[in-house]
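Asks: Residue numbers (the working numbering), protein chains in the order written: chain A, 9 to 204; chain B, 9 to 204.
Just to be clear, a hint being listed does not mean it is correct.
The list treats identical chains as interchangeable, and a pair is accepted whether it falls inside one copy or across any two copies.
[What the hints assert, rightly or not] Computed list of lysine to any residue pairs in SDA-like fashion (alpha-carbon distance at most 20 Å, straight line):
#1 K134 to F204
#2 K17 to H36
#3 K28 to Y160
#4 K17 to L46
#5 K42 to A53
#6 K17 to K39
#7 K17 to H126
#8 K58 to L46
#9 K39 to G56
#10 K28 to R175
#11 K42 to E57
#12 K166 to I145
#13 K131 to G200
#14 K42 to G139
#15 K39 to S128
#16 K17 to S29
#17 K39 to E57
#18 K134 to I146
#19 K28 to T156
#20 K17 to R32
#21 K131 to E187
#22 K28 to T174
#23 K58 to A11
#24 K39 to G113
#25 K134 to E91
#26 K17 to I38
#27 K131 to A30
It is worth saying that the hints were derived from the structure and are not from the lab. As the structure is a computational prediction, the values presented were derived from the model and not from experiment.
There are 2 protein chains.
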Amino acid sequence: MTALDTLIKSLTRLPGIGPKSASRMAYHLIKTDKSYNLALAEAIATIGEKIFPCSICGSFTETDPCPICSDTGRDRSLICVVEEPQDVLTIQASGAYTGLYHVLGGAISPLDGVGPEHLSFAKLLKRIDEGSFGELIIATNPTEEGDTTALYIRHLLKDHSEISITRLASGLPIGGDLEYADRITLARSLRGRVRF
Amino acid sequence: MTALDTLIKSLTRLPGIGPKSASRMAYHLIKTDKSYNLALAEAIATIGEKIFPCSICGSFTETDPCPICSDTGRDRSLICVVEEPQDVLTIQASGAYTGLYHVLGGAISPLDGVGPEHLSFAKLLKRIDEGSFGELIIATNPTEEGDTTALYIRHLLKDHSEISITRLASGLPIGGDLEYADRITLARSLRGRVRF
Chain A
9 MTALDTLIKS LTRLPGIGPK SASRMAYHLI KTDKSYNLAL AEAIATIGEK
59 IFPCSICGSF TETDPCPICS DTGRDRSLIC VVEEPQDVLT IQASGAYTGL
109 YHVLGGAISP LDGVGPEHLS FAKLLKRIDE GSFGELIIAT NPTEEGDTTA
159 LYIRHLLKDH SEISITRLAS GLPIGGDLEY ADRITLARSL RGRVRF
Chain B
9 MTALDTLIKS LTRLPGIGPK SASRMAYHLI KTDKSYNLAL AEAIATIGEK
59 IFPCSICGSF TETDPCPICS DTGRDRSLIC VVEEPQDVLT IQASGAYTGL
109 YHVLGGAISP LDGVGPEHLS FAKLLKRIDE GSFGELIIAT NPTEEGDTTA
159 LYIRHLLKDH SEISITRLAS GLPIGGDLEY ADRITLARSL RGRVRF
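Taking the hints into account, I'd like the entire structure generated from these sequences.
Replies: Here it is as structure tokens:
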């Protein structure tokens with residue numbers, strides 16, 4: 009196998025990259041200046057060492073605990089439960105949330121062999137027992153697996169009446185067009201209609 | 009800037025990779041096994057040293073001359089002129105060509121500031137003078153720039169009556185549908201119609 013084949017084969021293992029994209033990337037890498045290739049190679053080789061899950065919330069971090077868990081300025085009565093570490097960054101980027109997070113590591117999906125025992129529910133219960141949370145926001149994906157996981161969390165906390173459990177609103181995306189909304193989203197946004 | 013930001017920023021410089029794809033790739037790289045990351049990093053870091061243009065034809069190679077130029081089994085009376093090194097691999101993959109190649113390094117494009125002096129025409133003429141080619145196949149892209157380049161090659165070889173100059177056929181793509189063919193492709197395939 010030539011050096012080019014080796015590179016293309018490695019690149020196709022990345023998510024969303026097929027043989028054609030990998031070839032384009034490889035040809036680009038042959039022509040770019042060497043310093044860029046070395047910087048990219050260095051970043052890829054070391055990312056696994058530099059970034060790891062926070063021991064408290066499970067989101068990606070370079071320090072333990074992560075900057076969010078150690079930030080004394082954040083609202084410690086709020087905890088937002090998400091599926092994946094990248095969801096934390098997505099919600100942070102919205103700028104609309106100032107509380108803490110908890111990363112489950114996925115969603116309950118019996119078909120994929122993911123049961124509650126594979127997700128960090130035990131750690132979540134421990135945090136709730138030790139903390140003083142007033143509200144838990146469920147921010148799992150609006151999918152069947154995310155819905156199942158949300159129901160499971162509600163069941164898990166049925167004896168914690170001190171915590172109000174909420175879930176991200178589902179509805180029409182801002183800037184979207186009613187005409188292009190799918191049936192299920194439209195039905196949900198009707199059911200969840202709010203006083204204007 | 010965090011290690012994650014650095015990696016994402018480097019990845020977005022690859023062709024066809026926007027911020028969303030780069031994030032997905034970065035998250036994937038955090039989670040994959042370290043050996044894959046190291047192999048990919050190594051392939052990226054060294055590709056520029058391992059692969060270089062063939063001193064004869066200009067296509068990408070790991071040895072000089074390239075395997076095609078040094079292959080005595082190929083038809084040395086045929087030379088196929090292409091724009092970019094990757095075009096050689098595309099034509100090779102078709103399995104329909106057994107001659108030699110010549111890579112111009114682009115196409116004539118006055119708007120982009122690319123004149124004939126920026127492409128390897130001098131080298132092409134020298135190869136033609138020293139070789140014994142009977143046919144030169146122009147395989148530049150079926151674009152305005154490719155057409156201009158093709159006309160320039162014909163002009164360049166006007167004193168070489170010993171060489172017949174041909175060009176790749178334009179027309180309907182195989183497996184395509186007449187209904188979806190664009191006007192220009194359809195017009196070309198009509199003009200270039202062949203006896204059946």
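Asks: Each hint should be assessed against the structure and marked as holding or not.
Replies: Hints versus structure:
Taking the shortest Cα distances, K134 and F204 never come within 20 Å of each other, neither inside one copy (39 Å) nor across copies (78 Å). Taking the shortest alpha-carbon separations for K17 and H36, both the intra-copy value of 15 Å and the inter-copy value of 16 Å come in at or below 20 Å. For the homomeric pair K28 and Y160, neither the shortest alpha-carbon distance inside one copy (42 Å) nor that between copies (30 Å) is at most 20 Å. Proximity of K17 to L46 under the C-alpha cut-off of 20 Å is found in both arrangements, the shortest distances being 19 Å within a copy and 14 Å between copies.
In the homo-oligomer, the alpha carbons of K42 and A53 lie at most 20 Å apart both inside one protomer (16 Å) and across protomers (8 Å), since each shortest distance falls under that limit. Proximity of K17 to K39 under the C-alpha cut-off of 20 Å is found in both arrangements, the shortest distances being 18 Å within a copy and 19 Å between copies. For the homomeric pair K17 and H126, neither the shortest alpha-carbon distance inside one copy (31 Å) nor that between copies (33 Å) is at most 20 Å. For the homomeric pair K58 and L46, the shortest alpha-carbon distances inside one copy (17 Å) and between copies (14 Å) are both at most 20 Å.
In this assembly of identical chains, the alpha carbons of K39 and G56 lie at most 20 Å apart only when taken from different copies (7 Å versus 27 Å within one copy). Within a single copy, K28 and R175 get their C-alpha atoms no closer than 41 Å, and across copies no closer than 25 Å, so neither meets the 20 Å cut-off. For a Cα distance limit of 20 Å, the shortest separation of K42 from E57 across copies, 9 Å, qualifies, whereas the shortest one inside one copy, 24 Å, does not. In this assembly of identical chains, K166 and I145 lie within 20 Å of each other by CA distance solely inside one copy; the values are 15 Å within and 76 Å between copies.
For the homomeric pair K131 and G200, neither the shortest alpha-carbon distance inside one copy (31 Å) nor that between copies (71 Å) is at most 20 Å. Proximity of K42 to G139 under the C-alpha cut-off of 20 Å is found in neither arrangement, the shortest distances being 51 Å within a copy and 35 Å between copies. Only between protomers do K39 and S128 lie at most 20 Å apart by alpha-carbon distance; the minimum there is 17 Å, versus 45 Å within a single protomer. Both within a single protomer and between protomers do K17 and S29 lie at most 20 Å apart by alpha-carbon distance, with minima of 11 Å and 18 Å respectively.
Taking the shortest alpha-carbon separations for K39 and E57, only the inter-copy value of 11 Å comes in at or below 20 Å, while the best intra-copy value is 29 Å. In this homomeric assembly, K134 and I146 come within 20 Å of each other (Cα to Cα) only inside a single copy, at 17 Å, whereas the closest approach across copies is 71 Å. In this assembly of identical chains, the alpha carbons of K28 and T156 never lie at most 20 Å apart, being 38 Å within a copy and 27 Å across copies at closest. Taking the shortest alpha-carbon separations for K17 and R32, both the intra-copy value of 12 Å and the inter-copy value of 18 Å come in at or below 20 Å.
Taking identical chains as interchangeable, the C-alpha atoms of K131 and E187 are never at most 20 Å apart, the minima being 43 Å within one chain and 59 Å between chains. In this assembly of identical chains, the alpha carbons of K28 and T174 never lie at most 20 Å apart, being 44 Å within a copy and 28 Å across copies at closest. Within a single copy, K58 and A11 get their C-alpha atoms only as close as 28 Å, which misses the 20 Å cut-off; across copies the closest is 7 Å, which meets it. In this homomeric assembly, K39 and G113 come within 20 Å of each other (Cα to Cα) only across copies, at 12 Å, whereas the closest approach inside a single copy is 39 Å.
In this homomeric assembly, K134 and E91 come within 20 Å of each other (Cα to Cα) only inside a single copy, at 18 Å, whereas the closest approach across copies is 64 Å. Taking identical chains as interchangeable, the C-alpha atoms of K17 and I38 lie at most 20 Å apart whether they share a chain (15 Å) or sit on different chains (19 Å). Taking the closest pair of Cα atoms, K131 and A30 never come within 20 Å of each other, the shortest separation being 40 Å inside a single copy and 31 Å across copies.
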